[in-house]
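All chains, full assembly: derive it from the sequences and hints.
Letter by letter, the chains look like this.
2 protein chains.
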Amino acid sequence: MGDTLRIAIAGLGTVGGGLLKLLDGATPVGGGRLKAVAVSARDRHRRREADISQLQWFDDAVAMAREAEIDVFVELIGGSDGPAKAAVEAALKRGVHVVTANKALLAEHGLALATLAETTGAHILYEAAVAGGIPVIKALRDGLAGGNRVNAVSGILNGTCNYLLTEMESSGRPFADVLADAQRLGYAEADPTTDVGGFDAGHKIALLAAIAFGAPPDFAAVDIEGVDNVTLMDIRLAGKLGYRIKLIAKAERVDESVRVGVHPALVAFDHPLASVGSSLNAVVIDADPVGRLSFVGRGAGAGPTASAVAADLLDLLAGAARPPFGRPVADLVRQPPAARAEEGRFFLRILVHDKPGVIAAIAEQLAKAGVSIESFLQDPAEAGADVPIVLTTQRCPRGALDAAVRHIAALDVVAAPPRLMPIEDTRSGLRAWS
Amino acid sequence: MGDTLRIAIAGLGTVGGGLLKLLDGATPVGGGRLKAVAVSARDRHRRREADISQLQWFDDAVAMAREAEIDVFVELIGGSDGPAKAAVEAALKRGVHVVTANKALLAEHGLALATLAETTGAHILYEAAVAGGIPVIKALRDGLAGGNRVNAVSGILNGTCNYLLTEMESSGRPFADVLADAQRLGYAEADPTTDVGGFDAGHKIALLAAIAFGAPPDFAAVDIEGVDNVTLMDIRLAGKLGYRIKLIAKAERVDESVRVGVHPALVAFDHPLASVGSSLNAVVIDADPVGRLSFVGRGAGAGPTASAVAADLLDLLAGAARPPFGRPVADLVRQPPAARAEEGRFFLRILVHDKPGVIAAIAEQLAKAGVSIESFLQDPAEAGADVPIVLTTQRCPRGALDAAVRHIAALDVVAAPPRLMPIEDTRSGLRAWS
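Chains X and F are the protein sequences, given in the same order. Just so it is clear: in the first sequence, position 198 is 198 by my numbering, and no numbers are missing. Just so it is clear: in the second sequence, position 237 is 237 by my numbering, and no numbers are missing.
Hints should not be assumed to be uniformly reliable.
Said to hold, decoys possible - One-sided excerpt, in silico: chain F residues whose CB lies under 10 Å from chain X:
1) P135
2) G147
3) R149
4) N151
5) G291
6) V413
Since the hints were derived computationally from the structure, they do not count as laboratory data. We treat Cβ as the ideally placed atom computed from N, Cα and C, and that holds for glycine.
If you want it as structure tokens, here you go:
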């Protein structure tokens, strides 16, 4: 590809603008051998910080991918389908490398795109798609997966959810209020479903799981629950028991299968993930023989994302790009989803009518299921309201607990469906650091 | 170099043994295309877990580097000079790549070795030399340095020192006792100078500084203080003020120069480095535009180190190796050491004879130097003993404080040389995560 990488950038939002600034900076990235030559965006005439007058303009990203004289197509459009997918396919078909921040596209079509790239000798790089500026794709794909057996990858992968949970806890305001503010401030999208529903974190953990386990990405197999049902009451009660609620994405080996999911979960206050606040992301990798590695950094924004895209471009310049999921497509092995039920400690919150015998009735159902209680808290009733009872269990099979919870939900004294959340503890992939 | 990398391993201690095991494992690293073919060690007939009977044996590492039919020479001998240096030079002269865990060698002779490697087209890779299994060399060299301006790199880089400080605090036993135990348990060397004197951390931060700032490594310019003078009294008093003492290695830009040092320093209990206990390492990188990134993992041991060596070997296999300090030797720019005095907050402990007017005399000297006191603690005297007075300063120039401390040391009432340590705070490269 010669000495200079000719780059097209599709999408000139904050990240695309940040990238142009970086490539155009006082100390040119890659000694000036990374050169933006073409751009496309929705509106040619919008005011921009970066000067794009010297670059070839395309109204249509797909046309740019198909026609521009380029070595690399940087896709910053977003979305799992539509123009992003069409443009990436057009670039790969020509043997043009793709650098993208698009987790949805790769999580849902990663195998097909990797296969296409292999046939033309193009590379797909996507450091910016997961955990912003944290070089976790590189660490996992180039640094660890080859010489290690990865047992678990987990973390806090969605800054919006982490911001919302952090704000709810610190301000004591309910989810809807905090979300409305975040939307006004630009921290959350007008349609927040992708973030707050856990789907964005799901895309990201599907990609990390693929690299960690040498498998094709399998977004459909990710078990996803968002933060939209996390209540102030649960945040407050978890706090009384010494825990904070975080949205945890996790991919782990279970015997010869894998479990990949996104769930609100409790972490103890002294747990390393408990102090990962606001818009930060964190990734924890457990592997043999390296042990546990933790990474923390800003998960989104123009700077971190542009930094990650630049790192990928420098990999291409150095001829150092690897296959997108760490090994050739033919060597990827689909991992069966875990059949064995999850096992762990859990937080259970039950709203009850304050009557004698309530606790006995609940405790009896748990005892019948063989679930031992670790801690128990009955919060004083507010005037006229139902009373929340919370408990944490000792380590138990999720299946047994689910059965007990179904019986508890059916009790006359129970006022609302009980709330069950896992507790990330020292036996999981997220032990404390000391 | 063909499809298979032929590897010689010099040094078969725990790391060399761990590497042989890894290369020989059930799932061969790199699809079996990494192949150990020759080994050397001090004693051929020592009992080893790994079977070396199929490998070519050399009594002399230098002879192996010179004669074995290999593509890569893995140097696990250690030491900045002697056979390690001779063997590495012999390998590089032939164009044989070197993978090493030897921070002393590279910190002290890195520029000469990089120059030699460039002339023959050999690569030098040393992920295992810094922070064990944490892929921080790769993150900094391949992921960040190109597209970012690194402002500071800091961390906890010596597991032995971190273990000793952690043990002193938790057990309340003095340095010498804890060190003797650590030596008995194999956590510290018989001659512990390299570790406890801060030199090992100094070697490591010299290498991180070189990559971060695009400079040749300059170990001689590293300002080094070890943990051997950290007393139980200071650990206890720092704790009363809300701080923990850690050995912090730090490289930072100061205007157009750099400051690189290793010092015992105070970190607040809620500081992310405060909870990095025992044998863990941590690295914090502050850079534009990526922001702050933190990495935590095991800093030593067979597993983490073998994992790091394997990652380097896989880089060679993928043709993905970069210049050892991130850019060609001709592009490395020596950074002038910072002329401007350090500025920050400090911890000052003074042992005094318990007489009226002591506090006034000390406060007067600080006031004269323009140093403001932030917190102040006089500990009750133990029977007949001198009394420790501790204080933390507000942000001030180190030079002014040093002058005041000289005057304080000369006061009649002062019983021993005062102890001064920097406080890592939110304005340094090590702010809390939230």
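Hints versus structure:
no.	hint	in the structure
1	P135	holds (4 Å)
2	G147	holds (3 Å)
3	R149	holds (7 Å)
4	N151	violated (13 Å)
5	G291	holds (4 Å)
6	V413	violated (40 Å)
Hints 4, 6 from the earlier list are contradicted by this structure; the remaining hints agree with it.
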